[in-house]
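*Asks:* Sequence:
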Amino acid sequence: MTERDFSIFDNMIEGVQIVDREYRYLYVNDAVAAHGKSTRQALLGMRMEDAYPGIEKTVVFSRIRSCIEEKRFHHMVNEFKFPDGSTGYFQLRIQPIPEGALILSFDVTEQRRAELAMEDLNRELEARVQERTAALKRSNEELLHFAYVASHDLKEPLRTVASFVQLIEQRYGPRLDEKGLRYIRFAVDATRRMEVLITSLLELSHIETSSQAFVRIETAEAVRLAMENLAERIAAEEAEVVVGELPAVVGDPTQMTRLFQNLLGNAIKFRRPDVRPRIEISAREEGDWWSFLVADNGIGVAEQDRDRIFQMFQRLHSRADYPGSGIGLAICRKIVERHGGRIRVEPTPGQGATFVFTLPAVQGGAFPALG
Numbered sequence: 019m020t021e022r023d024f025s026i027f028d029n030m031i032e033g034v035q036i037v038d039r040e041y042r043y044l045y046v047n048d049a050v051a052a053h054g055k056s057t058r059q060a061l062l063g064m065r066m067e068d069a070y071p072g073i074e075k076t077v078v079f080s081r082i083r084s085c086i087e088e089k090r091f092h093h094m095v096n097e098f099k100f101p102d103g104s105t106g107y108f109q110l111r112i113q114p115i116p117e118g119a120l121i122l123s124f125d126v127t128e129q130r131r132a133e134l135a136m137e138d139l140n141r142e143l144e145a146r147v148q149e150r151t152a153a154l155k156r157s158n159e160e161l162l163h164f165a166y167v168a169s170h171d172l173k174e175p176l177r178t179v180a181s182f183v184q185l186i187e188q189r190y191g192p193r194l195d196e197k198g199l200r201y202i203r204f205a206v207d208a209t210r211r212m213e214v215l216i217t218s219l220l221e222l223s224h225i226e227t228s229s230q231a232f233v234r235i236e237t238a239e240a241v242r243l244a245m246e247n248l249a250e251r252i253a254a255e256e257a258e259v260v261v262g263e264l265p266a267v268v269g270d271p272t273q274m275t276r277l278f279q280n281l282l283g284n285a286i287k288f289r290r291p292d293v294r295p296r297i298e299i300s301a302r303e304e305g306d307w308w309s310f311l312v313a314d315n316g317i318g319v320a321e322q323d324r325d326r327i328f329q330m331f332q333r334l335h336s337r338a339d340y341p342g343s344g345i346g347l348a349i350c351r352k353i354v355e356r357h358g359g360r361i362r363v364e365p366t367p368g369q370g371a372t373f374v375f376t377l378p379a380v381q382g383g384a385f386p387a388l389g
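Per the working numbering, residue 19 is the first one in the sequence shown, and the count goes up by one each step.
Hints listed in this document are in silico derivations from the structure and should not be mistaken for laboratory results.
Given the structure is predicted, the values throughout are model-derived calculations rather than measurements.
We put the CB at the ideal spot given by N, CA and C, even for glycine.
Treat the hints with caution; some may be incorrect.
Cβ pair distances, simulated, as ranges [stated by the list, open to error]:
| # | residue 1 | residue 2 | range |
| --- | --- | --- | --- |
| 1 | L172 | A132 | 55 to 63 Å |
| 2 | E364 | T151 | 49 to 57 Å |
| 3 | N247 | D306 | 40 to 48 Å |
| 4 | D323 | R296 | 47 to 55 Å |
In silico SDA-like cross-links for lysine to any residue, where the CA-CA straight-line distance does not exceed 25 Å [what the hints assert, rightly or not]:
| # | residue 1 | residue 2 |
| --- | --- | --- |
| 5 | K55 | N29 |
| 6 | K173 | T217 |
| 7 | K89 | G103 |
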C-alpha cells in the first residue's frame, strides 16, 4: 500500500483496516477507530487478540484467517461484542492483499437493531395469532357441539308436539270448523319444517364432528352413490344425468358423496316448468387441483344472488314453490372448504346454472398439502 492509498482511506466514511499475517493492525482510519470505540493511535501496531480479547474465537476472525491463509474473499454481517458489554453490527468485506487482509466495514447497528425489533414483534404477533386461532378453534368446536346437542335434543319435544297436534285432528277433527282444521294443518306443517331445519343443522355440524380421514377417492364412485341415493327423485322427474370422465381426488368419502348429492338434488329441484332436467357433471385439471362442474338447465341464479345462495337459511324462492331447509348449498360450501377448495356458481338466469368447485388431485401417490 502507498501513502496515496492511505490518504484516500483516511477520507472514507466506510471503515478501512489492514492487518498483517500476524493479525497486527498496519492501518486503520478514523471510521474503524470509531466503530471499535477506540483511537487510531491505540490500535496501530496491536494484535487483534490484544485489542479485543476473545476475538480469536469469533466467526469474523476465522474469516480473516481464511482470507490471509487461503486468499479467500468474504462478505458478511458481523455481530461484535465490545469490551464494555455493548453490541454492534457491521457489514464487512474481507479481501486478501500482499500485506495480509484488507477489511472494509460499514456500521449497520441501527438497521440491524430495527430488524431484530421487527423480528421480535413478528414473533410476538405470531404467538398472539396462534393463541387466538387456538381460542377460535375451541370456540368453534364448542359451538358445533352445542349445535349438535341442541339440534338432537330439540327433536324429541318437536315430535311430541307434532304427535299431539295430529291426535287432536284425529279425535276432534269432526267437531272443528274449517278454520280450526286449517290451524292444525299450519301447526303440523310448521313442526315438519322445524324438523327439516333441525336435521339440516345436524348435518352441518356432522361435517366437522363426524369427519373421516382423507383418503384417495374415485369421484365417479361418489357420483354413483349420490345418484343411487336420489334414484327415486331422478326417476320421478325423468332427469337426465350425464357424467363425464372424473378423476381421483383426496378427501372424505362420505362428505364427497354428500357434496354431489346436494348439488344434484339442487339441480333437480330448481327445474324449469315443463322442461326435463338435464345435469352434466365434468372435471378439468388445473395444476395440483381439479375443477368440477355441475351444470343444469334449470331456472338459474340471478347475478346478485351468486354469493347469497351459499349462506345458511337463505331462500331465493317461496317455500310453496321450492320446499327445503335453505341449508343444502351451505353444507356444500362447508365440505369444499374443509377440503381446502372453493365453490362458486356461474349463473345464467332462465337458462340454468353451473356450480364449480375445486378439490386437490392425487399425484404420484402423494397427497397435496391442504392449508
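*Asks:* Could you run down the list of hints and mark each one as holding or not?
*Replies:* Hint check:
A beta carbon spacing of about 58 Å between L172 and A132 agrees with the range 55 to 63 Å that was offered as a hint. A hinted range of 49 to 57 Å for the beta carbons of E364 and T151 is inconsistent with their spacing of about 33 Å. Checking the proposed 40 to 48 Å range against N247 and D306 shows it is violated: the Cβ atoms sit about 30 Å from each other. For the pair D323 and R296, the supplied restraint of 47 to 55 Å is violated, since their beta-carbon distance comes to about 22 Å.
Between K55 and N29 the CA atoms are separated by roughly 18 Å; this keeps the pair inside 25 Å, and the hint holds. Among the hinted pairs, K173 with T217 is consistent with the structure: their alpha-carbon atoms are about 9 Å apart, no more than 25 Å. Restraint check for K89 and G103: not satisfied, since their Cα atoms lie roughly 32 Å apart, outside the 25 Å limit.
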